[in-house]
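Residues per chain are reported as follows:
Number of protein chains: 6
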Amino acid sequence: MTSGFDTNLPSVRQVQSIIKAQKRVELKLLTGEVLSGILRWQDQNCIAIIDDSNQQTLVWRQSIAYLKAFD
Amino acid sequence: MTSGFDTNLPSVRQVQSIIKAQKRVELKLLTGEVLSGILRWQDQNCIAIIDDSNQQTLVWRQSIAYLKAFD
Amino acid sequence: MTSGFDTNLPSVRQVQSIIKAQKRVELKLLTGEVLSGILRWQDQNCIAIIDDSNQQTLVWRQSIAYLKAFD
Amino acid sequence: MTSGFDTNLPSVRQVQSIIKAQKRVELKLLTGEVLSGILRWQDQNCIAIIDDSNQQTLVWRQSIAYLKAFD
Amino acid sequence: MTSGFDTNLPSVRQVQSIIKAQKRVELKLLTGEVLSGILRWQDQNCIAIIDDSNQQTLVWRQSIAYLKAFD
Amino acid sequence: MTSGFDTNLPSVRQVQSIIKAQKRVELKLLTGEVLSGILRWQDQNCIAIIDDSNQQTLVWRQSIAYLKAFD
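Chains as they are written, first to last, in our numbering: chain A, 2 to 72; chain B, 2 to 72; chain C, 2 to 72; chain D, 2 to 72; chain E, 2 to 72; chain F, 2 to 72.
Isolated chain A, as found in the complex (with noise of 0.2 angstroms):
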């Protein structure tokens, strides 16, 4: 994790465990587009997305309008 990041939000902390659980999730984006992989880490600019074929995507936070993470 990285310094003037508010860790104490749900929100992060939430983040912060799916990341732990190596959940599957989708990234939903402002362009409409759906992000899927496993979130590997994030940081208080961007969240990164590994996808299946376990190339990285660095996503900006300011692009995501939400994120739903399955068991």
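Don't take every hint at face value.
Here's a subset of chain D near chain C, in silico, CB distances under 7 angstroms, partners left out [claimed, not checked]:
#, residue
1, Val26
2, Thr32
3, Val35
4, Thr58
5, Leu59
6, Ser64
Don't read these hints as lab results, they were simulated from the structure.
From a predicted model like this one, the values you see are computed outputs, not experimental measurements.
Don't be surprised by glycine CBs; every beta carbon is placed ideally from N, CA and C.
For chain A, the structure is supplied; the task is to place chains B, C, D, E and F on it using the hints.
This is chains B, C, D, E and F only, laid out in the frame that chain A set:
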């Protein structure tokens, strides 16, 4: 609720009362999409909503256009 | 009204007078949608509008393009 | 003009001179819409524009793409 | 240039050098629109661009996707 | 790099390492557009990318949805 989040704002208090009352809501997003369900919790960055199949969606506040709650 | 909200701004004062006068308004959103009705209250993050069927919509300020009030 | 609004910025001063000179303007919004008319006043959050039928529109600055003024 | 505007940023300095050199530019906006012309000045909120018919457009920085300058 | 820019963030450090390694990237913008090329530099507001014809594009961070880098 969480630190650094102005719980005195009428809008925050209203969302909190909607959460408490477990009212059905519709969240209209800036993508044009509508999410329906019951609000679970809110913090400075996100609002969690549970749909009819008990799937949670973590909605980034930045993507919200408006909210309607139904009695 | 609420704490941490600059009620001296002409735009905030004008919305407040529209609320007081219960004028009919049209709120055009960045989604292209138009919400019509009577403004109920405003705070730092949201404006509440009541439509003709008395349903309240909590509109996030971030989604507003412009407002027209009618005498 | 209003408190907490940097009236030294060239862009703010230019809008103020356009208001004073009552020039015709076109405001292009992020929705793609164009509002035409005469600017009435500005503050930190909004710009008020009057159209040819003397109807005022309170435009949220966040929705503005660009402005053209015509002599 | 203006007060409260970080003129040390490479991006601000680069735009300033493009203004000085009067290079032709293309400004791509978040609306998808492209504005072509010569940059006249910049401040914290806006960039002024002059088109081929010498018409100035005051572009809000918030609407800019990217800029290309041509030698 | 520049003043007032949190170079400790993992996302900033990752972009910096992508710049250093001159990896090919794809920048997906909120307009839906994809810019391909090599990142040249970054600062608080922008990222500079060079395309295959050596044309630089100054991309405003606010317009970025996500970034993919390829080995």
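Let me know if the C-beta of Thr58/D comes in closer than 7 angstroms to any C-beta of chain C, holds or violated. Thr58/D check passes; min Cβ-Cβ to chain C is 5 angstroms, inside 7 angstroms.
Identify whether the interface hint at Val26/D stands, where standing means a beta carbon of chain C within less than 7 angstroms of its own. Hint on Val26/D: violated, closest Cβ of chain C at ~14 angstroms, above 7 angstroms.
Per the CB criterion, is Leu59/D less than 7 angstroms away from chain C? Holds - the Cβ of Leu59/D comes within 7 angstroms of chain C, reaching about 5 angstroms at its closest.
Evaluation of the interface hint that places Ser64/D against chain C, nearest CB under 7 angstroms: At 4 angstroms from the nearest chain C Cβ, Ser64/D passes the 7 angstroms test, so the hint holds.
Can Val35/D be said to touch chain C, with a Cβ gap under 7 angstroms? violated (12 angstroms)
Interface hint compliance - Thr32/D to chain C, C-beta minimum distance less than 7 angstroms: Holds - the Cβ of Thr32/D comes within 7 angstroms of chain C, reaching about 5 angstroms at its closest.
The structure shown violates the earlier hints numbered 1, 3.
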